[in-house]
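Letter by letter, the chains look like this.
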Amino acid sequence: MNSEGIIEVRGLHKTYRMGNIGVPALRGVDLHVDAGDFLSIVGPSGSGKSTLFHIIGGLTPPTSGEVRVAGQDLMALGEAGRTSLRRRTVGFVFQRFNLLPNLTARDNIAVARHIAGVPQKPDPRFEELLRFLGIAHRLDHKPNALSGGEQQRVAIARAVVNHPAILLADEPTGNLDTENSQAVLELLKNLNEQFGQTVLMITHNPEAAQYGHHTVHMRDGRIVERTSRGQQTE
Amino acid sequence: MTFKLVWENLKHRPLRSLLSFLLIAVPVTLILTLVGLTNGMIQDFQHRQKASGADIVVRPTNASAALNFGSANLSQGFVQFLAMQPHVKTAVGVLNHSTDLFLTIAGIDLPQFTAMSGPFQYVAGGPFRDRDDMIVDRYYADQQHLRVGDPVMLLNHTWHIRGIIEGGQLSHIFVELPILQELDSATGKVSEIFLKLDNPAETNAVVEELKRKMPENPIYSMEVFTSLLSINSIPALRAFTLVVVAIGVVIGAIVVWMSMYMAVLMRTREIGILKSLGGSNRFILSIVVLEALLLGLGGTVLGIGMSFGAQWLIHAFAPASYQMAIVPLWWPIALFIMLASAALGALYPGLTAARHDAIEALAYE
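Residue numbers (the numbering used here), protein chains in the order written: chain A, -17 to 216; chain B, 69 to 433.
By construction, these hints were calculated from the structure, which means they are not laboratory data. Here the structure is a predicted model, which means the values were calculated and not measured. For every residue, glycine included, the Cβ atom is placed at its ideal position computed from N, Cα and C. A few of these clues could be false.
Stated by the list, open to error - To give an idea of the interface, some chain B residues facing chain A are shown, with a C-beta separation under 10 Å as derived from the structure:
#, residue
1, L73
2, A119
3, N141
4, T336
5, R337
6, L345
7, L430
Stated by the list, open to error - If you want a taste of the chain A side facing chain B, the calculated C-beta under 8 Å gives, among others:
#, residue
8, N2
9, V5
10, Q77
11, N80
12, L85
13, R88
14, A92
15, V93
16, I97
17, P106
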């Protein structure tokens, strides 16, 4: 770790309380991600991938350790600070798309802008992104009228509408068929390459993980291996 | 955008929204009907008093409240005395007997009453002929399905309908004064005396002069007398209105609480999504409260519409006993009451939604 990355995690622990019992989910995670990286995170269920995501995304606070995201110290952030982080610094893409079912695709995207306090005015860069995502003609449909692939594209559009520093994709292809999975992965890759978007992606699929520049392997709440594309263990 | 989100939520489950509107509309209708009945009956009473043609009303000494129909404590001898006073053209003693909250039988001397009010406009039949004759207006006749010649049992006495009049003067039901006095054990007594002056411009001067001569009796010009009749002059009615308003607030709050609590449960996942997008607790709370306020607004509008229905029903089934006015002045009051109830009812579900853990909410099935 020579220079400050967009994500810096050192000695991160997270313990969930189940009544009087503490259940450790992360047991000392160190992670460095540079701006513009595409990082894949793989590991079995319960290995702590999602918890790491949730902490980096500001959905839950760390128990101990050091976490800096785009220069912000998450240990020092309260709930309001983490809410603010979710508005502008990170964007989420979920396995189940998580679009608001009552709103059209356009309004699903507009809600994210509204919450972030971004004026609802034309954004040429985002318009270009919509064309790039191939959903410009489907924006007036509600999620139940969209295919899984289209819903995930809308979710990606919503995640990046406020130009977040980091895009967190949690099993983005988990609910898609092979063809749509590949299309979504290509989109993430192109977002990373053409727009310089930093992407962290959780996946169970080794082929999907190959889209990342790097892959970290997690087990039992720890990162046990880090590989770069086309390389062996770092 | 917040409004659109809330509006789409309401549209998404139309049956639930409609049911909530309807349940909120019930207390609104209740409040507006009560207020409408109170105002309607007071207005009707005022109109009837004014339509009697009298300029001055002389009340018994114990008539502290304006609405005091049942007593017969005024000696009939005062009628002659008052008839002889300067500017008094006609003095008419009337005995009132309440049969309902606002429905009274008026015992009158028909020729005297005609001299003051003008002749009755008969729709059917004609004036009294026998001592058991009764004249009713068409509202009472409609309400009781009466025709000329029909017997009517009132005051434990069988009357016969002699005439049906257009109505609007003093009472819905008229009988001869002596027989009502006899039935009421009030021979020689009347409830109030109406005076018609030769020059209405002298009303205040005559009132002052009569007050000097009859200091024990409440004496009013008709203008003042009718203005004394308001909700505030009937303490029990004001308390009753407050109780109904309070019931409305409680019902409204419970309905909104239940509706929004269910909505929050059903939308747990959506709340998680909004939180993942950076929606603050205040934003989540504002969505729930705004939806509740819209339910309150819709319920109030529906309730106002339903109050017109209540008015129609009352007019159709009890036109003589009850008169309901539409009181637009109370629409914003009802709206405020319901919005306050809705906000109150939405507070707990809203805070519950705002406090949802984002990760748990996103995992909610």
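Cross-check of the supplied hints:
{"no.": "1", "hint": "L73", "result": "6 Å, holds"}
{"no.": "2", "hint": "A119", "result": "58 Å, violated"}
{"no.": "3", "hint": "N141", "result": "69 Å, violated"}
{"no.": "4", "hint": "T336", "result": "12 Å, violated"}
{"no.": "5", "hint": "R337", "result": "8 Å, holds"}
{"no.": "6", "hint": "L345", "result": "5 Å, holds"}
{"no.": "7", "hint": "L430", "result": "7 Å, holds"}
{"no.": "8", "hint": "N2", "result": "19 Å, violated"}
{"no.": "9", "hint": "V5", "result": "14 Å, violated"}
{"no.": "10", "hint": "Q77", "result": "10 Å, violated"}
{"no.": "11", "hint": "N80", "result": "5 Å, holds"}
{"no.": "12", "hint": "L85", "result": "6 Å, holds"}
{"no.": "13", "hint": "R88", "result": "11 Å, violated"}
{"no.": "14", "hint": "A92", "result": "6 Å, holds"}
{"no.": "15", "hint": "V93", "result": "6 Å, holds"}
{"no.": "16", "hint": "I97", "result": "5 Å, holds"}
{"no.": "17", "hint": "P106", "result": "21 Å, violated"}
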